[in-house]
Amino acid sequence: MVSFTPDYMITLITIGTIYALAATSLNFITGYAGLVSIGHAAFLAVGAYTEAILLLKYNVPFEIAFPASILMGAILGALLGLPSLRVSDDFLAVATIGINFIVVGALQFSDFFGGTLGLSVETPRVLGVALEDTVFMLFALAMLAIGMGVSWWLQRSWAGLALAALREDPQAAESVGISTARFKIIAFTISGAFAGMAGALLAHYFGFITPGTFGFLLSVDILVFAVFGGLGTIWGPVVGAYFLYILPQFLRTFQDYRVILYGLVLMFIIVVEPDGLMGLYRRASDWWSDRHAEPTAGETA
Amino acid sequence: MSGDGSILRTDGLHKFFGGVHAVDDVSIEVTDGEILSIIGPNGAGKTTLFNLITGVHEASRGSAEFLVDGDWKRVTGRPPHAIAELGLVRTWQNVRPFGALTTRENVLAGLGHERYRSSSMFGRYDRETHEATADDLLERVGMDEYADTPASSLPLALQRRLEIARALALDPELLLLDEPAAGLNEEESEELMTLLRDLVEEGLTIVLIEHAMDVVMNVSDRIYVLDQGSIIAEGPPIEIQNDERVVEAYFGESETAEIEGGVGDA
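Heads up: the sequence lines are chains A and B, in that order. Residue 1 is where the first sequence starts when you use the working numbering, and the numbers rise one by one after that. Residue 302 is where the second sequence starts when you use the working numbering, and the numbers rise one by one after that.
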């Protein structure tokens with residue numbers, strides 16, 4: 001049995017929040033622009049290692065290192081988004097897996113990045129205050145709020161409309177003046193920025209990072225979170241991440257079968273409700289309002 | 302702009318798909334302010350010609366130029382979105398709505414064309430101005446009551462009308478319509494023709510690919526006939542109707558049937 005001490009709850013919420021941020025970042029590419037990436041952990045690795053290297057090797061303060069990690073994620077997002085201009089959707093999924101393996105491989109074989117042993121990352125300090133435990137959890141939640149805020153803003157912006165058009169029909173999007181190349185890169189850049197942010201947070205939380213942390217399995221986890229919750233929505237990736245990360249912790253024996261569980265969840269969602277939990281929620285609320293919209297007599301309490 | 306200069310011209314356009322010569326040395330001119338139809342049997346290369354002019358396919362040889370503010374701009378070699386930006390806008394024969402978006406959002410996507418190149422893309426559209434403009438365009442094609450309907454759940458005839466509204470949202474100079482009358486009943490065809498005439502009245506130029514001969518003969522100022530990739534005839538509707546080569550292209554040799562009344566469907 002596991003006891004759910006307050007400390008343990010803070011741990012769960014913190015990690016759940018970082019995963020929610022990672023899933024939110026993936027949502028910019030896969031949800032809004034409709035480009036499947038199964039190598040998203042690579043972008044988290046970029047953020048995590050930028051953070052670790054700047055703090056550890058160059059003694060850069062957190063206030064600068066953290067934005068730098070986000071920027072690095074954005075830049076690599078833009079660069080690694082270039083293959084999406086050349087290959088079709090199915091091959092892009094394969095290409096992103098390739099990118100994930102290349103990034104992990106490069107980190108593994110480089111002494112500068114600590115090789116397979118990894119790097120340690122110290123507790124961040126802002127104006128002398130250590131960001132740990134509850135404070136760090138709140139900081140992570142604030143970052144997630146920013147990611148969700150950007151989603152919310154984007155959804156009713158011209159850029160968001162262009163991304164949706166690109167997702168629905170790239171050729172028709174071009175015919176209304178939307179450069180599909182430009183908007184693919186924009187999606188990858190925004191996504192990379194928030195993935196870099198999530199990576200940097202993860203590095204601080206663990207206090208230690210190795211290339212293995214950012215392997216293919218993390219990419220699959222992130223994708224499952226976003227798909228399960230509902231792609232292309234603000235809340236979907238967040239709800240999906242909390243649900244799938246935190247719930248199995250209460251059923252500790254399931255932990256060992258996590259990968260199987262996620263696989264089943266993914267298959268179930270794709271077959272039954274492609275819009276994920278948010279789709280189920282929308283269906284339920286439609287059903288509810290339909291029922292209550294009927295002018296027949298009856299109690300409404 | 303005067304009403305009799307050219308606005309689009311192609312010079313010796315060719316397109317090969319493998320061994321198929323889909324477009325064979327096509328040189329056409331579109332006059333400012335006219336409704337020009339391109340007709341021809343299925344597989345004649347009409348849609349391919351549109352695709353070459355709008356950058357969807359790269360021309361194997363030849364070029365197309367478009368008049369923008371008094372300057373001839375080469376459109377062949379430009380990406381499709383840049384050609385649309387110049388004011389040369391098309392619709393699709395096999396309709397291509399943004400299915401998950403509402404009808405209004407489809408039109409908004411066209412209205413955004415001025416913002417997709419600058420940081421103003423990150424601005425948000427608002428109800429009073431942009432959505433109202435979109436709704437006006439929907440009203441023009443008689444679709445205002447469907448503004449909140451997802452485009453994918455519209456019947457085909459309405460999706461065709463939505464294509465026109467979305468194209469108009471780009472405020473084009475030249476509109477290329479690929480079979481807008483396909484599947485329309487008589488009344489809807491009438492409405493379409495009225496709309497096309499109104500648009501030309503307002504200064505637009507229209508090129509039409511169409512199989513519905515009643516529409517073509519009624520609305521066109523001029524017609525090009527395309528057969529096996531080549532232009533085989535050009536002239537006003539009256540001349541085309543009585544052109545031997547045209548009748549032959551449609552019905553094979555020694556047939557003397559009339560074109561009028563509609564030929565096949567897409």
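What the hints contain is simulated information worked out from the structure, not anything from laboratory work. One should not assume that every hint holds.
To be verified - Where chain A lies over chain B, by a calculated footprint (3+ residues, C-beta under 8 Å):
#1 311-317
#2 401-408
#3 418-425
Said to hold, decoys possible - Covered stretches of chain A (chain B as the covering partner; in silico rule of three or more C-beta atoms under 8 Å from a C-beta of chain B):
#4 78-91
#5 163-176
Remember, it's a predicted structure, so these values are computed and weren't measured experimentally. A virtual CB, placed ideally from N, CA and C, is assigned to each residue, including glycine.
We went through each hint and held it up to the structure:
Residues of the stretch 311-317 of chain B lying with their CB closer than 8 Å to a CB of chain A number 0, which falls below the three-residue condition for coverage. Restraint check on the stretch 401-408 of chain B versus chain A: 3 residues with Cβ-Cβ distances below 8 Å, three needed, restraint holds. A count of 6 residues in the stretch 418-425 of chain B with a Cβ less than 8 Å from any Cβ of chain A is obtained; the coverage claim is therefore met, three being the minimum. Figure legend: the stretch 78-91 of chain A, annotated as covered by chain B; annotation inconsistent (0 residues with Cβ-Cβ distances under 8 Å, at least 3 required).
Counting residues of the stretch 163-176 of chain A whose CB lies closer than 8 Å to any CB of chain B gives 11, so the stated coverage by that chain holds, three being the minimum.
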